Structures are given as structure tokens and as C-alpha cells.
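Trainee: One line per chain: the protein sequences are A and E, in this order.
151 is the number that the numbering used here gives the last residue of the first sequence; the numbers go up by one with no jumps.
580 is the number that the numbering used here gives the last residue of the second sequence; the numbers go up by one with no jumps.
Accuracy of the hints is not assured; some may be wrong.
Below, a sample of chain E positions facing chain A; criterion: calculated Cβ distance under 7 Å [as the list claims (entries may be wrong)]:
no.	residue
1	Ile181
2	Arg185
3	Pro327
4	Tyr403
5	Val424
6	Glu426
7	His430
Coverage of chain A stretches by chain E, computed from C-beta distances (three or more under 8 Å per stretch; other residues unrestricted) [as the list claims (entries may be wrong)]:
no.	segment
8	79 to 91
9	126 to 138
For the record, the hints were derived by calculation from the structure and aren't laboratory data.
A quick note: this is a predicted structure, and the numbers were derived from the prediction, not measured.
Cβ coordinates follow ideal geometry from the N, Cα and C atoms, glycine included.
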Amino acid sequence: MLPEFWLPVFTGTNLDSPFHACAPCLRPARRGFEQAGEALQRAGMGMTGPKELPSGTEVWKMKITEKLALNAFKNDKETHITLDQKICHTCKERFCIYACPANLYALTEKEEMTVEFAGCLECGTCTIACVYGSVKWKYPKSGFGVQYRFG
Amino acid sequence: MDKVEVIIVGGGLAGLSCAYELADSGMTVIVLERGDFSGSKNVTGGRIYVGPIRDYLPDLWKEAPLERHVTKELITLLGEMNSTTLELYSDRFNRQPYPSYTILRAKFDRWLADLVSEKGVFVIPQKNVKDLIKDGEKIIGVKTEDEEIGSDCVVASDGILSFLAEKAGLRKPFQPQHFAVGFKEVIALDSKAIEDRFRLGENEGAAQLFVGSLTRGMMGGGFLYTNRDSLSLGIVVGIESLNQREPREEIYKSLDAFKERPEIKNLIRGGEVVEYSAHLISEGGLHIKPKIYGEGILVTGDAAGLGLNMLVTVRGMEYAMVSGVLAGRAIKRAKEKNDFSASSLAYYEKLLNESFIIKEMNHFKNTLSILENKRLFSKYPQAISNLFEKVMRVDECPKEGLYKTISEVVKKEFFNLETLKDLLQLRKI
Chain A
1 MLPEFWLPVF
11 TGTNLDSPFH
21 ACAPCLRPAR
31 RGFEQAGEAL
41 QRAGMGMTGP
51 KELPSGTEVW
61 KMKITEKLAL
71 NAFKNDKETH
81 ITLDQKICHT
91 CKERFCIYAC
101 PANLYALTEK
111 EEMTVEFAGC
121 LECGTCTIAC
131 VYGSVKWKYP
141 KSGFGVQYRF
151 G
Chain E
152 MDKVEVIIVG
162 GGLAGLSCAY
172 ELADSGMTVI
182 VLERGDFSGS
192 KNVTGGRIYV
202 GPIRDYLPDL
212 WKEAPLERHV
222 TKELITLLGE
232 MNSTTLELYS
242 DRFNRQPYPS
252 YTILRAKFDR
262 WLADLVSEKG
272 VFVIPQKNVK
282 DLIKDGEKII
292 GVKTEDEEIG
302 SDCVVASDGI
312 LSFLAEKAGL
322 RKPFQPQHFA
332 VGFKEVIALD
342 SKAIEDRFRL
352 GENEGAAQLF
362 VGSLTRGMMG
372 GGFLYTNRDS
382 LSLGIVVGIE
392 SLNQREPREE
402 IYKSLDAFKE
412 RPEIKNLIRG
422 GEVVEYSAHL
432 ISEGGLHIKP
442 KIYGEGILVT
452 GDAAGLGLNM
462 LVTVRGMEYA
472 MVSGVLAGRA
482 IKRAKEKNDF
492 SASSLAYYEK
502 LLNESFIIKE
512 MNHFKNTLSI
522 LENKRLFSKY
532 PQAISNLFEK
542 VMRVDECPKE
552 GLYKTISEVV
562 KKEFFNLETL
572 KDLLQLRKI
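Work out the full structure, taking the sequences as your base and the hints as a guide.
Mentor: Structure representation (C-alpha cells):
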């Protein structure tokens, strides 16, 4: 049985993220959803690679957001990662931005640190890389977060 | 409050192996898994060495959904614009019983959970354990998001970030130098193409490690494993080393740059990325191993810090499975004596110390200090590739004698106190 998943909820931070679902931008989010759905189906059927690549896409030219859009996510409305902005304001190194393999951390124009939790791969690198203790990390609620189909 | 005899927190390899061992014990055992199914929250590079664990779990391996048995081992030293690869093929690797297999966790763990369920242990998905229930120092149960369950013994198999080991007061806070992040893509590729590109027979597999310029001076390396009809391609980087790297660059970009290298490009051409994943890896070894038993609690697998970097390979999955089995055995003995106190459960540590796990962790306890040498990830791979290139190159200039060519490079790159010291360090592993 394949797990159910649904379109990730708008998280309000990064409009370039494929995980938000506001109307004008529904197309890129939905495309990611469709890709994930197709990949999920194929995984259930004993996957083989495609006979030919879709034109223009080289496997080594994928963007990070495109890669994340391939995964199956079930996203909660609440974040599972909280940041202490008081600590972030005094941080010069911004370890989180460089350490997150999913590129989820970003500074807003108002110099606030944000994390696009909807794309979280749940590795926990950020909570260790942040030596100042700003990242309070816990696992998403049961039934939410990334669901790996290959691992 | 409902009560069972054993609550296993975490339906990964350690938790499920413990459940498997306890399945015929007559005890009431449940496994609580936070994902939708076992494996949905797990990641491996990866490859599992079945050799050391066959005897502990003898009935598993005929039916287990493993990928390919590994017959080829490759190590690639990457310079900026060149690379040298050492390739080992052995008939021994191609003869039953096969020593190791490539593996995908969502598939394998899920199958193992089904097997464990068939044997009568409940594996309950979507159960995130939030806290332990204590009576003084004794652990008497767990709290999930919506209920409390009592227990005689809790087995903390909740992975490398184990919140339970923390809540039980068994482990210290994490430090960046003791962890690495591994992140990878699973790239779907026709099985025939895989066999052609890696020159493998049917069902045979290759495991390739990369060290050098791909990690841009940071401690770590790359890996490539052939699954049945996909490749696992990824990078591992030490977190402290990541934090210290200058100039700063987002780590995810290293994998994109790695894929563009001709050595990789031509292996993945025509493939399709189907998943992107990441996971932590314990690098601290015995230095960070927490206390692994307490009143009414045992800690197994990655939660117990049972992972090891052996330089030529990384161990974790086998340790998880065997530690789960040993925890199961310790629990059976505790049940016979009806004593789940720390002194009774200490038997688990005794079993672990006598096993290959702690012995190996002892043999390789100096790996971290060796890995601190940045030259391993930059200078040496580059110098060795340059040497090989000079030996092989024929161009407009009359080619000089081989001894001259080689000795010039060796004198320039390797004949110094620094390299001598580095060589002497290798005795530690």
C-alpha cells in the first residue's frame, strides 16, 4: 500500500519554494506534486529508468528545489523547527544556511532567519551545526514530514 | 494506562531486530514507529555487510529484499581536473554466501516490519514517542502524542538524534565534530545500463568511494552504490569541518558539482533522479558512546552511538541489527529473573562488549584524529592523481625515464616531514 500524501500547505516564507500552494503559483507546486506522484507509482511497480530523458533536462543539472519536489511530503501547518531570533541576531556565521542539505534556511530582508520546514529531510544537521543553540529541532508530528520511498 | 512488557521505540533496523529476537519469547512486545511505515524515515548510503550478522539473524537473508551483492569495490582519489581509481574484483565476493549487498531502506525496513508483524509483534506506525514516563530513576513507560503506555522495559531505538537517550539522562549534548551529514540522490537507471557501465554480471553490484576535491577541503567523501535499477549517489561531510570551511558555500551545491564531473556524468547519463535524502552519521565512535542501559531501559543502534568510520567503509546497519538482537537477549534473561533493573540489564552491555561491534570500535577508535588531517582530502588525492598522470602522459616533449618522472613528483610532494608524520599516523588505524 502506498502512503497517501497531499499538496503541501502554504508556509508563508519563500515564494520560490515548490511547497507553497497560493493560487498564482499553484502550477510549480502541482508539477512537483505530479512528479512525486508519478515516481511514487513507479516505485510501487518495480521501477526501471526512463528510456529517454525529457528534452532539455540533464540529470546533472537539477536544481535543489526540483530535487525536493520529487520527494513525498505530508506537511503540517505548524513548523517542527523553531529558531531563537535573539540568538540569530548575534550570529555572524549563519552555519544553518550552509549546512542544511535541503537549502531551507534563509535570511529575510528584515534580517530574520527563517526555515522552510515543509521541505525538511529530517536529518537534524541544522540543530548540530548551530553551535549557538538557536535551532530547537524535533521530529514532525506523527503522520507528517517526509516519507522516503527509497531510503 | 495500558501496559505491555516491552516497548521498542523506533521501527528501524535496531528496533525491528530486537522485536524479531523477542517474537518467540512469549512477552508482549510492541514497536512504535513515527513514520507511515518502517523505512519511511530512514536513509542509507548504502550497503549492508551480511557476513558479521548472518549468525545472529540466520533466517532473514534468503527472502530479504536486498539490491545487488557487491562484487566490485572502487576507491577514487579526485584531483581538481583528474582522478585515480583503484578497482578490486574478487571471486570471493561473487560466491555464496555473499559478504555484502547494496540496500534501500524504505524497501528493506518495511519488509522486515512485515516479517516481525507476522511473528506476532505489533509494529504500530505513526506513533511518535514524545517522552519517557519515570518513577524516580526507573523508566516505566512512554508518552506518545495522545496516550501513555506502561512497560517493564523500553528499548530506545530512535535513531541518531535519540531524544529518549537524552531524556533518560544517558547521553551528553551533541557536538559538531562527532557528526557528519550524508545526503544523496537515488537515480533511476535501467539495470542493463548499470551492468554495462560498471561491467557487472546480472545481480552483481559495485560500491565506490570518492575522496578529494569533491568535498572542497572538508572532511568527508563521496559514494556511489549500484542498486537493482537505480544508483545511490551522495556525499558525506563532517559538520564541524563544514562549519569551518572558507570560503562559505551551501553544502548542497557540492553534490551538483560532483555530478558534473566527467567521472560521474558518464555513469549517470540518462538516469532520472527519483529521491533526494539526507541523514546524520555518527563519527564519534567510542568517544561519544552514551550509557546504553538504565533502570527499565536499553539503548540500541544509532541511538547508542553504534556507528563507525573505518575510512574504507562506514558501519552502522550491522551494528544496529546485532545490538537489537543482543538487547532482546538481555531482556529475555531479565524476564526470567523478573528483574529489569539497571544491574540486570547491564548484561546487554556485557554482550555488546564481547561482540564484534565494540571490538571493532576499539580497533578504529583513532579514526577521528586521522580524519582531522585536511591533507587527506585535498593534497594527497591531487598529488597521487598528478603522479599517475605524469607517468602516463606522452606529449611533444621526449618522455623522460620513469624513475626520473616518478622520483621528481615524489620528492616534490611526498618527501617531507609533514608526509612522514602523516604516514606514521596511519599506524593508529
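Trainee: Does each hint hold? Answer for all of them.
Mentor: Quick rundown of the hints versus the structure:
| no. | hint | result |
| --- | --- | --- |
| 1 | Ile181 | violated (15 Å) |
| 2 | Arg185 | holds (6 Å) |
| 3 | Pro327 | holds (6 Å) |
| 4 | Tyr403 | holds (5 Å) |
| 5 | Val424 | holds (6 Å) |
| 6 | Glu426 | holds (5 Å) |
| 7 | His430 | holds (5 Å) |
| 8 | 79 to 91 | violated (count 0) |
| 9 | 126 to 138 | holds (count 6) |
Violated hints for the displayed structure, listed by number in ascending order: 1, 8.
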